[in-house]
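All chains should be built: construct the whole structure from the sequences, respecting the hints.
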Amino acid sequence: MAMATRVFLLLLLVLISSPSPSFSLYEDQVGLMDWHQQYIGKVKHAVFHTQKAGRKRVVVSTEENVIASLDLRRGDIFWRHVLGPNDAVDEIDIALGKYVITLSSEGSILRAWNLPDGQMVWESFLQGPKPSKSLLSVSANLKIDKDNVIFVFGKGCLHAVSSIDGEVLWKKDFADESLEVQQIIHPLGSDMIYAVGFVGLSQLDAYQINVRNGEVLKHRSAAFPGGFCGEVSLVSSDTLVALDATRSSLISISFLDGEISLQQTHISNLVGDSFGMAVMLPSKLSGMLMIKIDNYMVFVRVADEGKLEVAEKINDAAAAVSDALALSEGQQAFGLVEHGGNKIHLTVKLVNDWNGDLLKESIRMDHQRGCVHKIFINSYIRTDRSHGFRALIVMEDHSLLLLQQGEIVWSREDGLASIIDVTASELPVEKEGVSVAKVEHNLFEWLKGHMLKLKGTLMLASPEDMIAIQGMRLKSSEKSKMTRDHNGFRKLLIVLTRAGKLFALHTGDGRVVWSVLLHSLHNSEACAYPTGLNVYQWQVPHHHAMDENPSVLVVGRCGLGSDAPGVLSFVDTYTGKELDSLFLTHSIERIIPLSFTDSREQRLHLIIDTDHHAHLYPRTPEAIGIFQHELPNIYWYSVEAENGIIRGHALKSNCILQEGDEYCFDTRDLWSIVFPSESEKILATVTRKLNEVVHTQAKVITDQDVMYKYVSKNLLFVATVAPKATGEIGSVTPEESWLVVYLIDTVTGRIIYRMTHHGTQGPVHAVFSENWVVYHYFNLRAHRYEMSVVEIYDQSRADNKDVWKLVLGKHNLTSPVSSYSRPEVITKSQFYFFTHSVKAMAVTSTAKGITSKQLLIGTIGDQVLALDKRYLDPRRTINPSQSEREEGIIPLTDSLPIIPQSYVTHNLKVEGLRGIVTAPAKLESTTLVFAYGVDLFFTRIAPSRTYDLLTDDFSYALLLITIVALVAAIFVTWILSERKELQEKWR
Amino acid sequence: MASTLRSSPIPLILFLQLCFSFLSTTLAISSGSSDGYTINGRVKIESTGVKGFGLPGKTSNVKVILNGGQWVTFLRPDGYFSFHNVSAGTHMIEVAAIGYFFSPVRVDVSARNPGKIQAALTENRKGLTELVLEPLREEQYYEIREPFSIMSVVKSPMGLMMGFMLIVMFLMPKLVENMDPEEMRRAQEEMRNQGVPSLSSLLPGAGRAN
Chain A
1 MAMATRVFLL
11 LLLVLISSPS
21 PSFSLYEDQV
31 GLMDWHQQYI
41 GKVKHAVFHT
51 QKAGRKRVVV
61 STEENVIASL
71 DLRRGDIFWR
81 HVLGPNDAVD
91 EIDIALGKYV
101 ITLSSEGSIL
111 RAWNLPDGQM
121 VWESFLQGPK
131 PSKSLLSVSA
141 NLKIDKDNVI
151 FVFGKGCLHA
161 VSSIDGEVLW
171 KKDFADESLE
181 VQQIIHPLGS
191 DMIYAVGFVG
201 LSQLDAYQIN
211 VRNGEVLKHR
221 SAAFPGGFCG
231 EVSLVSSDTL
241 VALDATRSSL
251 ISISFLDGEI
261 SLQQTHISNL
271 VGDSFGMAVM
281 LPSKLSGMLM
291 IKIDNYMVFV
301 RVADEGKLEV
311 AEKINDAAAA
321 VSDALALSEG
331 QQAFGLVEHG
341 GNKIHLTVKL
351 VNDWNGDLLK
361 ESIRMDHQRG
371 CVHKIFINSY
381 IRTDRSHGFR
391 ALIVMEDHSL
401 LLLQQGEIVW
411 SREDGLASII
421 DVTASELPVE
431 KEGVSVAKVE
441 HNLFEWLKGH
451 MLKLKGTLML
461 ASPEDMIAIQ
471 GMRLKSSEKS
481 KMTRDHNGFR
491 KLLIVLTRAG
501 KLFALHTGDG
511 RVVWSVLLHS
521 LHNSEACAYP
531 TGLNVYQWQV
541 PHHHAMDENP
551 SVLVVGRCGL
561 GSDAPGVLSF
571 VDTYTGKELD
581 SLFLTHSIER
591 IIPLSFTDSR
601 EQRLHLIIDT
611 DHHAHLYPRT
621 PEAIGIFQHE
631 LPNIYWYSVE
641 AENGIIRGHA
651 LKSNCILQEG
661 DEYCFDTRDL
671 WSIVFPSESE
681 KILATVTRKL
691 NEVVHTQAKV
701 ITDQDVMYKY
711 VSKNLLFVAT
721 VAPKATGEIG
731 SVTPEESWLV
741 VYLIDTVTGR
751 IIYRMTHHGT
761 QGPVHAVFSE
771 NWVVYHYFNL
781 RAHRYEMSVV
791 EIYDQSRADN
801 KDVWKLVLGK
811 HNLTSPVSSY
821 SRPEVITKSQ
831 FYFFTHSVKA
841 MAVTSTAKGI
851 TSKQLLIGTI
861 GDQVLALDKR
871 YLDPRRTINP
881 SQSEREEGII
891 PLTDSLPIIP
901 QSYVTHNLKV
911 EGLRGIVTAP
921 AKLESTTLVF
931 AYGVDLFFTR
941 IAPSRTYDLL
951 TDDFSYALLL
961 ITIVALVAAI
971 FVTWILSERK
981 ELQEKWR
Chain B
1 MASTLRSSPI
11 PLILFLQLCF
21 SFLSTTLAIS
31 SGSSDGYTIN
41 GRVKIESTGV
51 KGFGLPGKTS
61 NVKVILNGGQ
71 WVTFLRPDGY
81 FSFHNVSAGT
91 HMIEVAAIGY
101 FFSPVRVDVS
111 ARNPGKIQAA
121 LTENRKGLTE
131 LVLEPLREEQ
141 YYEIREPFSI
151 MSVVKSPMGL
161 MMGFMLIVMF
171 LMPKLVENMD
181 PEEMRRAQEE
191 MRNQGVPSLS
201 SLLPGAGRAN
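Sequence order for the protein chains is A and B. Here the UniProt record's numbering is used: the first residue of the first sequence is 1, the next is one more, and so on. Here the UniProt record's numbering is used: the first residue of the second sequence is 1, the next is one more, and so on.
These aren't lab readings, by the way, just hints derived from the structure by calculation. In this text, all values refer to a predicted model and were calculated from it rather than measured experimentally.
Taking lysine-lysine and the DSS-like style, the derived pairs with C-alpha atoms no more than 30 Å apart in a straight line are:
#, chain 1, residue 1, chain 2, residue 2
1, B, Lys155, A, Lys455
2, A, Lys448, B, Lys155
3, A, Lys985, B, Lys174
So these bits of chain A aren't anywhere near chain B, every CB distance computed over 12 Å:
#, residue
4, Glu63
5, Leu201
6, Ser202
7, Thr265
8, Lys343
9, Ser411
10, His506
11, Thr575
12, Ile682
13, Val700
14, Asp703
15, Asp705
16, Gly849
The beta-carbon is built from N, C-alpha and C at its ideal position, and this holds for glycine as well.
What follows is the structure in structure tokens.
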């Protein structure tokens with residue numbers, strides 16, 4: 001019997017370890033360990049479509065170049081399109097009640113999308129001689145005929161485009177007159193349009209144009225000697241108000257019947273003396289305009305004959321105002337949002353009657369959303385025939401909310417569409433007293449669940465059972481618990497968004513655990529134009545500092561240039577509280593997390609500023625003690641891409657200039673590599689991930705031979721390209737383009753490897769892991785993408801194969817590895833074709849580094865492909881020998897295979913994919929993968945299958961049945977044998 | 001312009017925009033810029049409609065990408081697409097459609113003799129006479145669950161265990177029968193000394209597997 005069990009175990013092992021394709025998923029496993037979230041980004045424009053009785057929707061365009069149609073009831077996406085990165089949306093509108101019209105690429109591409117399903121109906125390319133402001137004017141009538149014309153001003157030309165098929169009906173070029181059109185006015189039902197604009201800075205021109213053929217009927221111009229500053233606001237169909245060049249007076253311009261008359265009013269006459277500069281806020285309020293001066297927002301009403309008067313002065317510079325909305329009786333209303341405490345006050349007013357509030361509501365608002373940036377209003381008819389209003393507001397954290405009847409109907413966290421950086425953090429340890437068994441209610445439930453599963457595997461389950469099984473698997477409370485799990489699957493993803501908000505996402509189901517709008521990255525007087533840069537693990541408590549909560553360091557910058565002063569913020573990852581924030585006096589060029597931690601497990605970070613000083617954080621005496629000890633061993637490099645120089649640096653001593661600051665250090669240059677500017681331009685630099693774990697340096701190859709990987713933390717991969725070939729594909733010929741790749745030791749500046757690829761160009765995407773680099777580039781000769789792998793092996797240890805040497809201690813395995821010793825390395829490389837363009841590339845990482853690696857390739861189709869590193873092995877040959885085959889070497893092919901089952905995103909798209917982040921789980925076989933862009937996608941993958949974990953669909957019931965059957969069989973055989981023995985004895 | 005295309009029998013036409021009578025004025029103005037070619041093409045997805053995705057005519061989620069992301073465009077309902085303002089040279093067009101594998105296409109826009117273009121699939125170097133892009137294959141992202149069969153149960157670890165048990169139960173006695181009676185007696189003697197394997201010695205093993 002014992003032998004039998006041994007045989008079983010062997011059989012089991014053989015079965016489990018049999019080779020099989022790496023990543024694959026059954027359709028019913030979708031959503032078990034992955035989640036996908038769709039976002040749109042910060043909304044720029046919104047157009048409501050609520051006329052018909054059907055679905056009420058709002059069409060929006062965003063700063064992520066997304067156009068989307070949202071359900072007004074719930075905020076779900078009906079359809080969505082992500083335009084190209086160079087194709088920013090200028091304006092959107094709805095034409096004919098069924099087409100969404102978008103103008104993009106600075107007024108050169110006009111597209112119409114079918115409103116119900118988002119299918120593109122037509123596309124027009126509008127050409128013009130010079131870049132200019134772009135304007136879109138869609139007439140509001142719903143008549144479907146050729147007369148329904150869209151007017152577009154873009155690239156210095158006015159185009160009339162048929163809204164039915166996108167045909168350009170006529171075009172009027174204003175480039176010769178150098179007219180910069182500011183407004184296109186199309187009075188409803190009229191046969192004429194007005195185009196009003198500036199010529200130069202001091203002349204105003206008005207054109208009256210026939211709608212049918214583009215013929216100029218009237219042209220008037222008027223000069224204003226003071227000059228305009230360019231800001232203009234349309235207050236009615238025949239009146240404009242502009243700000244003059246000194247920003248001290250307003251000029252109201254009326255062009256009734258093509259005749260222009262100007263009237264100047266000093267702002268000081270309107271609002272009294274002020275010291276600030278007036279800024280005209282873009283608005284579309286009829287009869288009114290807004291200016292911002294000295295933290296005040298002033299509403300100026302245009303009375304008859306161009307006379308201006310102040311309607312209201314609001315002491316809230318952050319207030320947001322919507323465009324005017326036409327109500328039924330020729331009245332127009334607009335929405336205004338002001339802030340007060342933890343509430344926002346929404347008022348809807350009539351344009352011509354300031355005190356007539358149609359709606360006044362106060363809504364409690366989470367202060368983590370910041371202030372209101374934009375508001376769009378829409379009206380509906382209540383049952384009592386009065387007007388009700390709903391308001392769509394865009395908050396400072398880029399979230400989108402719908403307000404109706406004093407409540408938030410829905411909200412969307414669209415800040416998550418613009419993630420800057422991600423780091424993974426642990427969840428709290430499970431407290432004692434909460435038993436795991438609680439999850440499984442009781443034994444009966446548990447058994448029932450497993451019986452269902454068994455039925456499922458035996459294909460005996462009815463459809464209802466199948467649904468029950470699927471539901472059970474998806475909403476397993478286990479995966480979304482707020483505590484650390486045994487396998488390390490449950491973690492928090494700490495993401496920093498462009499709005500300066502930090503979110504913690506649960507890896508189990510992707511929900512937002514907490515979010516905090518960082519105080520330090522808030523636009524304030526102390527810090528104008530704050531930009532977030534990175535998130536680092538600041539404190540990862542384990543062992544002796546277990547009581548402390550882990551925290552992350554958020555690094556930002558106050559201002560747009562790289563020499564702007566930096567901001568640091570420390571956030572507790574359990575609670576999401578901002579523990580501390582520091583406004584730095586120096587700039588941030590680079591942050592180096594060091595490998596030392598202090599007694600509270602705070603990691604030491606070195607910040608290099610633009611003046612090449614190094615600053616140590618945390619600023620504690622203990623940290624400086626640790627740091628002084630390691631001072632001579634700290635090296636780093638800097639890349640000056642525009643000058644083509646890479647420099648190596650080391651620390652010298654405390655700063656001379658800032659005496660008394662013992663946390664500041666002067667640096668010295670160690671080496672520099674200057675690339676010839678006429679032939680090489682730095683395109684990409686990649687290093688190994690700092691926290692990467694390498695299990696073993698030795699690699700056993702065929703015939704029990706050993707190769708030693710050259711594993712160094714100080715290697716830098718650099719790719720340079722011919723300066724001519726920095727443009728897009730197709731801009732150079734293969735002869736004048738090349739790519740040179742280098743591997744540089746960043747301590748000594750020694751070039752370890754150099755290789756030139758002729759006839760190739762960028763963009764280059766690369767990953768560096770262990771002792772290998774994989775990079776992706778374009779081969780102009782073959783006109784295909786190529787991927788190359790370079791592996792580096794240490795030759796100096798290659799002769800440690802003799803067992804006797806090892807026994808007698810004559811080996812050099814214990815000799816120290818130093819960057820200063822000349823490395824005896826050999827490199828192997830190989831090239832393969834790869835089908836797709838690549839947007840991002842990453843490599844899996846596991847806890848101990850034993851599991852084989854997979855490359856994660858974000859393709860141009862916004863999918864993430866997992867490609868086994870075995871396919872990128874320079875030892876692949878066309879005909880591997882038997883022993884090589886046993887080692888797992890795949891026969892060489894000229895292109896890398898794309899297996900549809902190995903897309904980790906299966907049939908989902910991570911629209912606008914920008915980055916892929918991997919984090920190891922506690923279980924060695926598994927890697928957590930997070931891909932972000934406009935969408936978010938998370939899954940966990942096992943590059944060599946989950947050899948250390950039973951799969952989710954493992955049937956415990958089948959196992960139990962087998963055991964019971966075995967036990968029964970034992971008894972039966974025992975009884976049988978007893979009986980037989982008895983018979984034997986009687987014989 | 002679009003209508004010209006649709007009526008054209010050969011969809012692959014690379015016109016200089018001068019050819020278009022309507023846009024001729026446009027180019028006359030923008031004579032300063034050397035670029036201004038248009039690539040027109042068509043994506044044709046013939047859906048087999050078996051797998052549930054790729055409904056016929058559902059082309060709203062297909063993107064056509066020029067030069068790895070320089071420009072992105074979408075399909076019209078009839079599958080046509082166009083890129084405007086493309087410079088002369090060799091370009092690459094990719095089609096991103098979930099459920100289908102498209103080969104990137106190399107497109108040469110010639111500056112010397114306008115209107116002449118060459119296109120070829122880069123995956124199999126097949127030349128195209130007209131710019132009609134068809135998927136090379138459908139992509140199945142999921143493993144297909146094998147239908148229930150006796151073999152799969154037998155092959156599973158449990159099945160093997162059962163099978164082995166059966167073998168022990170029914171074949172072993174046969175083997176025993178053929179044994180030498182002398183040896184048999186000795187073996188039985190030994191067995192008696194060891195006793196029958198008890199349940200308790202079996203269960204821990206099972207418990208571990210669980």
